[in-house]
Amino acid sequence: MATMLQKFPSSVSTLNDYNALYPDWTQREVSTGTTIMAVEFDGGVVMGADSRTTTGAYIANRVTDKLTPIHERIFCCRSGSAADTQAIADAVTYQLGFHSIELDEAPLVQTAASLFRDMCYRYREELMAGIIVAGWDRRRGGQVYTVPVGGMMTRQPVSVGGSGSSYIYGFVDSNYKPAMSKEECLKFTAEALTLAMERDGSSGGVVRLAVISEQGVERQVILGNQLPKFSTV
Amino acid sequence: SRASRKRECRIMATVSVCQYHRGGFSFENCKRNALLEADINKLGFSSPAARKTGTTICGVVYKDGVVLGADTRATEGMVVADKNCSKIHYISPNVYCCGAGTAADTEMTTQIISSNLELHSLSTGRLPRVATANRMLKQMLFRYQGYIGAALVLGGVDCTGPHLYSIYPHGSTDKLPYVTMGSGSLAAMAVFEDRYRPNMEEEEAKRLVRDAIAAGIFNDLGSGSNIDLCVITKGKVDYLRPHDVANKKGVRTGNYRYKHGTTGVLAKTVTPLNLEVVEENVQTMDTS
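The listed protein sequences derive, respectively, from chains A and B. Counting along the first sequence from 1, when you hit position 37 you're at 37 in UniProt numbering, and nothing is skipped either side. Counting along the second sequence from 1, when you hit position 213 you're at 213 in UniProt numbering, and nothing is skipped either side.
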């Protein structure tokens, strides 16, 4: 049955040659090409993402919001298949909300990350989702957990993800310093995302930032012409 | 013994009749289709193509509500199957949905969600919200993992204001002020990106949507015929079908029937054929 499932889509496309009438992007799945990033600082986290969603070579949404609220002070950055990550985020939002009401207490970031991990690992063959979970809770303050494709979960002080992340590992490794302030983290994230968006075709649009701390969530958007400028080669 | 064999047969019969239905899509027919496909190809024929709505559909949020637009061509491969099909589907009195992709999938999906939303609305005692329809549609499409080829533009006005969503076959959705879908979506999006402004007036929004669909009709082979519009505001829906007949069937300028006597008769010979009845076979029609 599994092989039949895999054969079916390809036999549908050879049945009728639609290439002239229906271009490639009408038949491709929607993916959040993406660059996503999260950094811990003392008192909270800074999260950032680009805003491009692609179907093949067409940009389906140039102002996507990939920073999705899971709970009041817990957000996630989504990369991979748009449908898969939206469905997972909706499911985890429900589960965490239910859990929080049962506890009568704000949930832990680690709990949210575990819920993501459980789903991403259990259905790892069917899903394509790379998620960074970040937020603030009273027990451990600002935390960043990464749940890449495959369903591993680990806590990191800095995490990058998505197709554009390959281009900024060097920048992140050399420019990250422990114990940065909130403003330094914001600048660091914005610069890293700008560099990735410059080089990765599947990332672009605007830079969306979010700062989560005990006080709550502050969101910002940096438009194309306001992005930090690097040397133009 | 005969008694135990009889019991065995009865048990076998019940097992084969009551198959446990595991839920989800049943791929039994896909196996059958693949076999039929192979057999037909051996004979040199090709199986009929699924009818797709090639399509240009779009939507825009303006000052008082949303305007949805669609073309009216349905194609079966390279042939136009329906010159005037309706692609703007009713979901609820305040929510309508345009559908691109496989015609049957968009039709049935919107009907199922419309039915469920009506029941939900009776249960809550409230007018349904666009976000509810969006949730129902995306959860259903995700469940079928993209095998239901329905790409939708969902729009409506509810107690929280006007809303517009685009929904893809795999179940991802985007909430935006203007969206286009279908094979003509690039042409329509070009028009939107040029002329969209927030908080437009109704006439300007209708003109913009009309022009976007027209761009799809005239520049995309999968879209054509007329432009349908649906203007949804708080408390009122204008279903304009057709809003603009962009492609009128031409009138033949000349008469191509030849009058009797155009061709002169030179000679006439009549040869009777002598046929004899060899066998007579009467088959009565089964009218039961």
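To be clear, the hints were calculated from the coordinates, so they are not data collected in a lab. Hints are not guaranteed to be accurate.
[What the hints assert, rightly or not] Keeping only pairs whose Cα atoms sit at most 25 Å apart, straight-line, the calculated SDA-like set for lysine to any residue is: (1) B/Lys175 x A/Pro69; (2) B/Lys236 x B/Glu202; (3) B/Lys175 x A/Phe230.
**Report entry** Earlier hints that do not hold, by number
**Finding:** Of the numbered hints, just 3 does not hold.
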